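As they're listed, the protein sequences go chains A and B.
So in numbering that gives the first Met the number 0, spot 40 of the first sequence is number 39, and the numbers just go up one at a time.
So in numbering that gives the first Met the number 0, spot 68 of the second sequence is number 67, and the numbers just go up one at a time.
Calculated directly from the structure, the hints in this document are not laboratory data.
Do not rely on the hints blindly, as some may be mistaken.
Because identical chains share one entry, a pair is satisfied inside a single copy or across any pair of copies.
To be verified - Keeping only pairs whose Cα atoms sit at most 27 Å apart, straight-line, the calculated DSSO-like set for lysine-lysine is: (1) K1 x K50; (2) K9 x K39; (3) K39 x K72; (4) K39 x K50.
This one's a predicted model, so the numbers in the text were calculated from it and none came from an experiment.
Protein chains: 2
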Amino acid sequence: MKARVHIMLKDGVLDPQGEAVRHALGSLGFAGVTGVRQGKLIELDLAATDKTTAEAEVRAMCDRLLANTVIEKYTVEIL
Amino acid sequence: MKARVHIMLKDGVLDPQGEAVRHALGSLGFAGVTGVRQGKLIELDLAATDKTTAEAEVRAMCDRLLANTVIEKYTVEIL
């Protein structure tokens, strides 16, 4: 079973990396970009065959290792 | 208009960062993880109002700056 995790900084948390990308895009002539936020995308191959178990397991992984829940939010998608 | 870009290493390209995450998850007791790939997630706020124009613009951004198309693949999603 495959899972995909999206991890982004919470709204309101400064994202200097995204800001740098926005500036770079502006320098390249892409004027219509008003905001950029950069996050992480993690794809996991899981041995679990049950969707509910898999999602609970991935959420535990996010809380314990993958995301810094103080400043980051995550969404889990089971494929 | 918002756009979301998923950037992952192409299949077959070694992903040491993902491998490190897999090891760390194993050490934490998550034994059922057989593979991890880590990529980037970029969310863009665009001034463009037309979906087709926005997608073409974001694809140009990926080719020129956001993704290294030699080793990375990307998907664009207009929200």
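Verification of the hints:
1. K1 x K50: within (10 Å within a copy, 30 Å between copies)
2. K9 x K39: Both: 13 Å inside a chain and 16 Å across chains, each within 27 Å.
3. K39 x K72: Both. Shortest intra-copy (11 Å) and inter-copy (15 Å) distances satisfy the 27 Å Cα cut-off.
4. K39 x K50: Close inside one copy (22 Å) and across copies (25 Å); limit 27 Å.
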